[in-house]
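Here is what each chain is made of, one letter per residue.
There are 2 protein chains.
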Amino acid sequence: MSEPGLRFEVVARDGRARLGRLSLPRGSIDTPAFMPVGTYGTVKAMTPEELERLGAQIVLGNTFHLMLRPGVETIARHAGALHGFMGWQRPILTDSGGFQVFSLATLRRIEEEGVSFRSPVDGAPVRLRPEDAMDVQRGLCSDIAMAFDDCTAYPVPHSVARESMQRSMRWALRSYDHYYRDEPPGHLFAIVQGGMYQDLRLESLELLAQRPFAGYAIGGLAVGEPEEARVAVLESLAEHLPPERAHYLMGVGYPHDIVEAVERGVDLFDCVMPTRHARNGHLFTAQGSLNIRNAAYQDDTGPIDPSCSCSTCQHYSRAYLRHLDRCGEILGVRLATLHNLHFYLDLMRRIREAIRDGRFGELAARIRAQPRRFEAPVA
Amino acid sequence: MSEPGLRFEVVARDGRARLGRLSLPRGSIDTPAFMPVGTYGTVKAMTPEELERLGAQIVLGNTFHLMLRPGVETIARHAGALHGFMGWQRPILTDSGGFQVFSLATLRRIEEEGVSFRSPVDGAPVRLRPEDAMDVQRGLCSDIAMAFDDCTAYPVPHSVARESMQRSMRWALRSYDHYYRDEPPGHLFAIVQGGMYQDLRLESLELLAQRPFAGYAIGGLAVGEPEEARVAVLESLAEHLPPERAHYLMGVGYPHDIVEAVERGVDLFDCVMPTRHARNGHLFTAQGSLNIRNAAYQDDTGPIDPSCSCSTCQHYSRAYLRHLDRCGEILGVRLATLHNLHFYLDLMRRIREAIRDGRFGELAARIRAQPRRFEAPVA
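Going line by line, the protein sequences match chains A and B.
For what it's worth, the numbering used here labels the leading residue of the first sequence as 1, then goes sequentially.
For what it's worth, the numbering used here labels the leading residue of the second sequence as 1, then goes sequentially.
For reference, chain A alone in the conformation it holds in the complex:
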């Protein structure tokens, strides 16, 4: 699929898993791809240079957080807007703020026109309509913008999920019409909603077909539902998402979650998991994961993962990383974040190679068999 400035091609298929390439003026993204999360205009603890060296081809920015701090006006003063502000010249995807408003819980009021809430930064009243969310994303000059949506809670009755989804779809059309009204700086993706109800998910898709969105995201997952419910939604959508468009699963997840989604035709992912876990001492390895705070690592002169090629594993011991963590040293967060991001970006590389070579099923089985949750090994 292509429109001026954006082109998405599926290069190879292995079952329903797709190897693809999303091309934008600022660079191309090999899919399935993982987008590191740069909430406040920085992927926490990393420089853009480090992200490039890790092989990141696109990062995510949070519209909600950036509009409150420092404000879109400040960012727009920089050449290239968010690109210039944060020194990242490759593509940026911005979310619409819908999910963050949803997370505010009691502080928000949702109406047909949009949402009203108190800024968690300074308590000031803020109104965010689909049109505002588009103006902010246009101001940020992100390469991919997201429609403004009402993220449905979990669990809710069918009637509530339906009302929320239909509102999201009306907002999606308003988002589209406002975003594309004149020389948009990027491309707008739709967000499919409908909670865990498969009929609503399909109705959502049908309603979105009223506009030629540049890509399709699956929203409203990773909100506390069991894994089976999430996989069921992906399964029900797999055959219905427009095959010529990129498919983006928002906010997911662990390596095995990513594998389940790739198997059902998802191309793009974002998640705070690698960066947030790094700050909590949780480190991903090929043999599962470990918590560097465990006393067992006090005198461990080996690397986090002997099979890992990242610069943290090349230069530093578990004992050193544990020491830095205990002392609250910034370098500890840096080295752990770099390792975890390398793990995720390397996972995506391995997934792409497996699809290309027709052995994705085999890789998926291996990743499914790995320990799923973080458990500290016995000291």
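Rather than coming from a laboratory, the hints here were simulated on the basis of the structure.
Quantities reported herein were computed from a predicted structural model and do not represent experimental measurements.
It is possible that part of the hints are untrue.
Claimed, not checked - Partial chain A-side listing against chain B, Cβ under 10 Å, derived:
1) Arg16
2) His65
3) Pro70
4) Phe85
5) Gly87
6) Gln298
7) Ser317
8) Leu331
Every residue, glycine too, gets a C-beta built ideally from N, C-alpha and C.
We have chain A; now place chain B onto it with these hints.
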């Protein structure tokens, strides 16, 4: 001056200012030199690779902090000890822990044998004698170790300063005899004490002449005394420090403090100023200094210092740095630390060039004329 493994040569003089080179098996240090402080085995927020790119030729490690966390045993398990632990292959100087014990104030007890104190980490009782401080520094495998000293408080009467200094000198001799007892991993510097009393400073120097220390540090300054008192001590020592040895002023200071000391024959400096100030938003520039937290920088798209060649100033705006600081983002500390360290290391480069070209007086006058304290500009 040279002893096996260490060589110090004065290459040029401009007045009493000296351009020199301190050569060690792990690398050479062009003097006057600034040593970034790596308290816990990390120069806060920086990687060794970044420090090398900034031109740092030696860093300082804190014996006191490292012996409490993670403990010298853990570090000694790594090939190259502290070098391997922190991934820094160039020279390391370790202090002796004397100054940190001094800073503990009421928690310590000083006796002829050594000091006893409660660990600020876990409250455990710790005894630190000159011999222990040498064992720890030998275990860390630092290239330059410091004699264990009793840092004299300020202000104190002559009699108190004398007693403290004489104890320090007895400890210095014990330090020497224990450090060099068999295959020392590096070289031991003496520390001249004596408070603000010039006669005691000279007596201290005379007492130290009983052993052939590899270098001479001036301790007991930067403890709250006025600048004039500090300069007077430096002035009184300038003609008496062994000219063939390196002279190291501990824990000092602002750029103009460094210039006053270089003018009086000092070759080595260390200070937490650039790194600590960076974490508080204080940034050094050729036009004085600024605090990035000032609201005046909210929309300032210019670099910290237009005349600065560091990578922070090449890529990021004041507005971005202020934003990162407000959001408590690690990247903000990284970029600020990198800039301030670049400023200090560049200052030393400029000082060395000025001595070489016989225009140190001119440079010193310019630096003296710069604003001395941090003052936020009017918003």
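Indices of hints not satisfied (ascending): Number 1 - this is the single hint that the structure violates.
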